[in-house]
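Asks: Chain residues, written in single-letter form:
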Amino acid sequence: MSDITANTAVPHQAGAERRQPPVATTGIVAWARMNLFSSWINTAVTLALGYLVVRWTIGFVDWAFLNAIWSVPVVNGQAQTQACREIKGVGACWAVVTEKHRFILFGTYPYEEHWRPLLVCVLFVALYIVSALRRFWNWRLIPIWVGTLTAIGILMWGGVFGLTYVPQERWGGLPITLILSTFGLAFAFPLAVLVALGRRSKLPAIKTLCVLYVELIRGVPLISLLFMASVMFPLFLPEGMNIDKLLRAQVAITLFAGAYLAEVVRAGLQTLPRGQYEAADALGLSYWQKTGFIILPQALRLVIPPLVNTFIGFFKDTSLVLIIGIFDLLTAGKTAIVEPAWQGFGIEVYITIGLIYLVFCFAMSKYSQDLERELNRHRRR
Amino acid sequence: MKALRLSVTRALGGVALAASLAAPLAAQQAPAAGTATTLDAIRARGSLICGVNTGLAGFAQPDSQGVWRGFDVDYCRAVAAALWNDASRVRYVPTTAQNRFTALQSGEVDMLSRNTTWTLSRDTSLGFDFTGINFYDGQGFMVKASAGVRTARDLNGATICVQPGTTTEQNLTDWARANRIQFTPVVIEQLNDVVQAYVSGRCDAYTTDVSGLASTRSAQARPQEHVILPDVISKEPLGPLVRHGDQRFADLLRWIHYGLIGAEELGITAANVAQAAASDQRPEVQRMLGRTGDLGRMLTVDNAWLLNVIRTVGNYGEVFERNLVPIGLQRGPNALWTNGGLQYSPPFR
Chain A
1 MSDITANTAV PHQAGAERRQ PPVATTGIVA WARMNLFSSW INTAVTLALG YLVVRWTIGF
61 VDWAFLNAIW SVPVVNGQAQ TQACREIKGV GACWAVVTEK HRFILFGTYP YEEHWRPLLV
121 CVLFVALYIV SALRRFWNWR LIPIWVGTLT AIGILMWGGV FGLTYVPQER WGGLPITLIL
181 STFGLAFAFP LAVLVALGRR SKLPAIKTLC VLYVELIRGV PLISLLFMAS VMFPLFLPEG
241 MNIDKLLRAQ VAITLFAGAY LAEVVRAGLQ TLPRGQYEAA DALGLSYWQK TGFIILPQAL
301 RLVIPPLVNT FIGFFKDTSL VLIIGIFDLL TAGKTAIVEP AWQGFGIEVY ITIGLIYLVF
361 CFAMSKYSQD LERELNRHRR R
Chain B
1 MKALRLSVTR ALGGVALAAS LAAPLAAQQA PAAGTATTLD AIRARGSLIC GVNTGLAGFA
61 QPDSQGVWRG FDVDYCRAVA AALWNDASRV RYVPTTAQNR FTALQSGEVD MLSRNTTWTL
121 SRDTSLGFDF TGINFYDGQG FMVKASAGVR TARDLNGATI CVQPGTTTEQ NLTDWARANR
181 IQFTPVVIEQ LNDVVQAYVS GRCDAYTTDV SGLASTRSAQ ARPQEHVILP DVISKEPLGP
241 LVRHGDQRFA DLLRWIHYGL IGAEELGITA ANVAQAAASD QRPEVQRMLG RTGDLGRMLT
301 VDNAWLLNVI RTVGNYGEVF ERNLVPIGLQ RGPNALWTNG GLQYSPPFR
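If you're matching them up, the sequences are chains A and B in order.
Mapping of the first sequence onto full-length UniProt numbering: position 347 corresponds to residue 347, and the numbering continues sequentially without gaps.
Mapping of the second sequence onto full-length UniProt numbering: position 333 corresponds to residue 333, and the numbering continues sequentially without gaps.
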């Protein structure tokens with residue numbers, strides 16, 4: 001009997017208690033006990049937060065789905081929104097989105113031609129997907145981009161192939177946001193690489209120019225650059241000469257993004273060990289060979305997170321063009337609720353627009369995470 | 001962070017300074033360049049480029065299909081109707097409060113029809129010509145009906161919601177000082193937020209232009225719970241404007257406005273204008289609608305110009321009725337002079 005441990009249950013022994021099985025250490029209950037209910041303070045916090053989350057969720061579902069109104073009758077072009085006003089605060093009025101979604105997405109683009117901006121958005125998304133696939137990472141990407149962007153230009157402007165001409169001031173909504181951010185980043189990125197290299201150059205003129213550019217642009221908020229492009233610049237042009245308003249904003253955004261991206265790229269260049277540069281020199285590579293084959297491929301993959309951070313930032317910053325009267329996605333949404341019948345239903349519109357922005361930004365950040373994992377595989381031990 | 005803020009402020013200041021320096025420069029250039037007149041350029045182009053608001057209920061706003069509608073927009077359409085009898089030949093350029101004047105100075109737009117107040121400095125040093133007052137606006141107050149306030153003078157000691165940085169705030173302070181009224185301002189930047197503050201009872205009154213008050217009131221769930229006080233504490237005469245040196249174009253705009261008023265005076269509407277042109281024997285009607293005389297030719301347009309304008313947009317009363325009555329505005333000072341208002345047309349002869 002001496003080798004029986006103290007814990008061994010001896011059921012038939014008189015006076016012995018029935019013992020509980022040992023506390024589980026795996027499974028959801030155990031996890032909850034360990035992390036959420038380990039002490040009375042944790043339990044209290046868990047219960048309080050749980051209560052709030054449940055209440056808020058129920059409230060949101062009530063507001064957004066159960067009590068919501070999805071459409072209202074339109075009589076003689078006037079939307080009858082009394083029903084929506086009755087339930088204000090209790091239920092969402094998604095009718096505003098139902099009624100205005102085409103305006104929010106495409107702005108003042110001619111109504112019967114809306115298939116064109118729609119196709120443009122599809123083309124943009126397709127372009128992003130194709131560019132994201134590694135299979136296309138070769139020379140084929142260049143004609144794909146040129147071809148798609150030309151098609152986008154033809155679709156938006158028209159005037160050829162039997163498409164009616166649509167002047168730029170009628171463009172609006174999502175295509176504007178996509179055009180501004182895609183073109184802006186597509187041009188800003190090569191510019192940024194050149195400026196970053198220039199800033200580390202030993203040639204004083206090039207270095208000064210690059211430092212001046214970066215510091216000047218970074219020292220000014222985007223909003224004042226847009227003002228410069230839209231308010232000041234036209235005054236310096238000869239009378240009768242007008243550069244397209246969207247193009248001016250596009251150039252301002254490109255220059256601004258370029259300066260920020262340049263600093264990100266420069267960070268990557270500086271992280272590379274000196275040995276890499278020296279090894280490349282020792283191989284007898286020219287400057288451009290060294291940069292193109294050795295330095296940039298390593299430097300750029302190091303700075304993927306801050307690059308994507310800047311990309312996402314700029315995608316959203318394009319909404320600042322509202323101050324110069326360009327109808328991007330956000331401005332179109334704001335304008336949609338100017339009509340007296342729809343005033344006061346901003347939350348519904350802003351949620352919708354926020355979701356659209358979220359889809360694009362989340363896709364970008366998700367892709368960048370995969371890219372980072374893929375490209376830096378050799379670094380993980 | 002502080003240094004960054006400072007540099008940002010400086011940069012903005014620099015832009016503002018440069019802009020203020022550049023503005024008179026452009027103003028001086030404009031008349032010289034105006035010799036190739038804007039009207040000729042519009043005709044050669046075949047369309048009118050009209051600067052409008054980016055979105056102001058009743059005055060200029062795109063509807064659900066993206067078609068521009070509103071009081072200011074109808075003035076653009078009227079010009080196109082007078083020139084080509086085709087109101088669709090207008091390209092609308094949305095302009096913000098900041099870039100509207102540059103857009104006109106630089107020739108990006110041919111005219112502004114964008115609820116712009118006629119002031120001396122805009123008429124002279126900015127280099128514009130206002131072509132008439134199509135809407136008499138002014139700053140007023142809105143209070144809750146339950147507060148029992150009858151006039152603005154009862155607001156002594158009240159809390160008043162106002163947006164910052166506009167002339168509205170300045171007018172309020174000036175008026176309070178002149179009338180020895182004490183008030184607590186609640187200054188909120190965003191329109192939606194300031195309205196929300198008033199509705200939720202953070203302030204006793206909300207002040208902005210009467211047209212803005214009316215549209216805010218009409219957007220409330222129960223408009224009858226809010227009252228717009230009869231006092232108007234500032235003058236905000238709004239009208240279309242063109243560049244200095246565009247006299248012929250300005251004449252056309254001016255007489256289109258008078259034509260709309262004249263038509264209302266004479267009872268000519270969009271519905272009966274064709275019949276009036278054919279059978280109304282009143283000499284002034286005959287002259288206005290181009291049956292006799294050469295008034296259109298004098299404005300360098302077709303003699304049937306006003307016939308086409310009225311057929312397209314209706315008379316002044318109809319334009320007002322269609323756009324501004326739905327947002328809760330009354331005719332008030334914008335009634336015809338025969339009805340005790342200020343809208344008056346010189347004679348057509």
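Among the clues, some could well be false.
To be verified - Part of the chain A face toward chain B, derived, beta carbon under 10 Å:
1. 78
2. 79
3. 108
4. 111
5. 118
6. 167
7. 200
8. 230
9. 245
10. 325
11. 339
12. 344
13. 365
14. 368
15. 372
16. 373
Hints in this document: simulated from the structure, not taken from any laboratory.
Please read these numbers as outputs of a predicted model, since none were measured by experiment.
Each residue gets a CB set at the ideal place from its N, CA and C atoms; glycine is no exception.
Asks: For every hint, state whether the structure bears it out.
Replies: Evaluated hints:
1. 78: 8 Å, holds
2. 79: 8 Å, holds
3. 108: 4 Å, holds
4. 111: At about 4 Å, which falls below the 10 Å cut-off, the nearest Cβ of chain B leaves the hint on residue 111/A intact, so it holds.
5. 118: 14 Å, violated
6. 167: Holds, because the Cβ-Cβ distance from residue 167/A to chain B comes to roughly 6 Å (cut-off 10 Å).
7. 200: 24 Å, violated
8. 230: 5 Å, holds
9. 245: OK, holds: residue 245/A within 10 Å of chain B, min 7 Å.
10. 325: 4 Å, holds
11. 339: 6 Å, holds
12. 344: Hint on residue 344/A: holds, closest Cβ of chain B at ~6 Å, below 10 Å.
13. 365: Cβ of residue 365/A sits 26 Å from chain B, so the hint is violated.
14. 368: 27 Å, violated
15. 372: Hint violated; residue 372/A Cβ to chain B Cβ min 30 Å, cut 10 Å.
16. 373: 34 Å, violated
Checked against the numbered hints given earlier, this structure breaks hints 5, 7, 13, 14, 15 and 16; the rest are met.
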